[in-house]
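Asks: Single-letter residue listing:
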Amino acid sequence: MVNMMKQSVENEEVALAVWVKQTGLEKTFAQFPEDVTVAFNTVAKLRASTRATSGLSTMLPCDPLTEFWPPMRVKE
Amino acid sequence: MHWMTAAELALGYRKKTFSPVEVTQHLLARIDTLNPKCHAFIEVDHEGALAAARQAEHEIASGRALGPLHGVPIGIKDIIDVAGQKTTCHSKIMLEHRASEDAQVIRKLRAAGVIFMGKLALHEFAIGGPAFDLPFAPARNPWNFAHHPGGSSSGSGAALAAGLVPLALGTDTGGSIRNPAACCGIVGLKATYELVSRRGVYTLSSTMDHVGPMTRTVEDTGLLLNAIAEQQGDQASPDYVADLQRGVKGLRIGYVRHFHETDEIAHPEVAAALDEAAKVLSSLGAVVTDVQLPSLNDFLVSQKFLMMAEGWAVHEKWLRERPEDYSQMSRRKLLTGAFVTGGEYVQSMQRRGLLIDTVNHLFNDYDVLLVANSMDPACRIDDEAEVVRTYTRQARMPFNLTGHPALALMTGFSSGGLPLSMQLVGKSFNEKMVLRVAAAYEQATQWHAKHPVL
Chain F
1 MVNMMKQSVE NEEVALAVWV KQTGLEKTFA QFPEDVTVAF NTVAKLRAST RATSGLSTML
61 PCDPLTEFWP PMRVKE
Chain R
77 MHWMTAAELA LGYRKKTFSP VEVTQHLLAR IDTLNPKCHA FIEVDHEGAL AAARQAEHEI
137 ASGRALGPLH GVPIGIKDII DVAGQKTTCH SKIMLEHRAS EDAQVIRKLR AAGVIFMGKL
197 ALHEFAIGGP AFDLPFAPAR NPWNFAHHPG GSSSGSGAAL AAGLVPLALG TDTGGSIRNP
257 AACCGIVGLK ATYELVSRRG VYTLSSTMDH VGPMTRTVED TGLLLNAIAE QQGDQASPDY
317 VADLQRGVKG LRIGYVRHFH ETDEIAHPEV AAALDEAAKV LSSLGAVVTD VQLPSLNDFL
377 VSQKFLMMAE GWAVHEKWLR ERPEDYSQMS RRKLLTGAFV TGGEYVQSMQ RRGLLIDTVN
437 HLFNDYDVLL VANSMDPACR IDDEAEVVRT YTRQARMPFN LTGHPALALM TGFSSGGLPL
497 SMQLVGKSFN EKMVLRVAAA YEQATQWHAK HPVL
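Protein sequence lines, in the order shown, are assigned to chains F and R.
So in this note's numbering, spot 38 of the first sequence is number 38, and the numbers just go up one at a time.
Every position in the second sequence, counted from 1, becomes a number in this note's numbering once 76 is added.
Everything labelled a hint here was simulated from the structure, so no lab data went into it.
Keep in mind that this is a model prediction, so the values were computed, not measured.
Be aware that one or more of the hints could be misleading.
What the hints assert, rightly or not - Only pairs whose alpha carbons sit at most 25 Å apart, straight line, appear in this in silico BS3-like list of lysine-lysine:
no., chain 1, residue 1, chain 2, residue 2
1, R, Lys393, F, Lys27
2, R, Lys393, R, Lys168
3, R, Lys162, R, Lys526
4, F, Lys21, F, Lys45
5, R, Lys168, F, Lys27
6, R, Lys393, R, Lys113
7, R, Lys508, R, Lys355
8, R, Lys91, F, Lys21
9, R, Lys526, R, Lys355
Could you build all of it, start to finish, from the sequences and the hints given here?
Replies: The structure is reproduced here in structure tokens:
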């Protein structure tokens, strides 16, 4: 049986390792692995909250992702 | 003498009741006594301040007064360049950095004849604090030294509340003027984006950084803004104190209740003080009605992505090469920007445009918005979990994102004896209206006359 929890943790670790390499933070990660991980997870949480709320609340009059920008103005 | 406002000091100088030298000596002595407890100042310029005071005294006596702030002492957040002095940004990284020239805002203050008393503590690089792993101790709240003074302009808030200076400069990227204003019970104004120059001020997030006045009264905030505001195009600069006595009768005030009632539920004492402030303004003749903005989270997500990415752009090299020289708190906050994608930055800028338009639209129907500031009274400075929890429970950052002027003003005290605060938000470049409403509220409530017993 596949252990989904373990797999998810492993995926996150791989993702973090890729990001660390891409951003040239190998030295920082070697010195402060916990701090880099906290920062990585903070962004992941923020990203998830954006997706969960689909960005803007319904009272905003248009969706920036489906319209050209700039210019984009509030519709009357 | 130490609780006098800048306006009262100027009057005293004109009447020769006391002199700039006497005031400066008194405040320097008070700083020497109280700074070991509140850690508001990183560096005090005794000699420079006294020399400037002697010069101001001579000029005023010979009829060459430069204006209402001539000879009035001020403290400067140590992220703003003052020629010949260190700008450490409260960091180990910038510990030996000495400014070769004045920031534009300092240049303007020199022209106004103020007396620079020294450099004030902050959260490292205006983001990482309160931190105990830096070369300087974090500033503490004069209302209770065991508590957080807010930040990042922590020293500015503490110095004002402790009666060490009547004026201070702060900077504000996600609320860093208005948070210490809330915690320390003072007035703090984040003016419209770029009304006050950022030249010579160390960047955190270039599209959201603001420089602004911090004082103990609305009038002093107006006077300081008169001295530091940049002229807008070919328009004559407004006199920001001209409308302070006009009252609020007939003004339309939108109360953004959902920020603190549903989006982020405020501490009951904070919420009650906001409702009371709405009642006071209503009793003074304003028409106060509830209004709706997008949710706090809509603002927060865009503001966070932008601040993370822009902060990373500034600190990227040091974070790779000298990570050990940051406080842990700064390291954790600034490293986030490494993980923000280009797409997230652009989408945040897109959303920002919409949010600005939505707030602008509201000012077709309202003169000023009444908005929560911090959702909680200041917590203990040594309670790291509570500092982290309460730091983001605020309604300040929407206006860093949109650039609208937002003023923090005291609304009373918690049952624990700590100040509470609200924000008044105005149309871009209409600081006069914000100050007018704030002055009416201040005169009606007199919270500004309360000071901590030290």
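Asks: Are there hints from earlier that the structure breaks, and if so, what are their numbers?
Replies: Per hint list: 3, 6, 8 violated.
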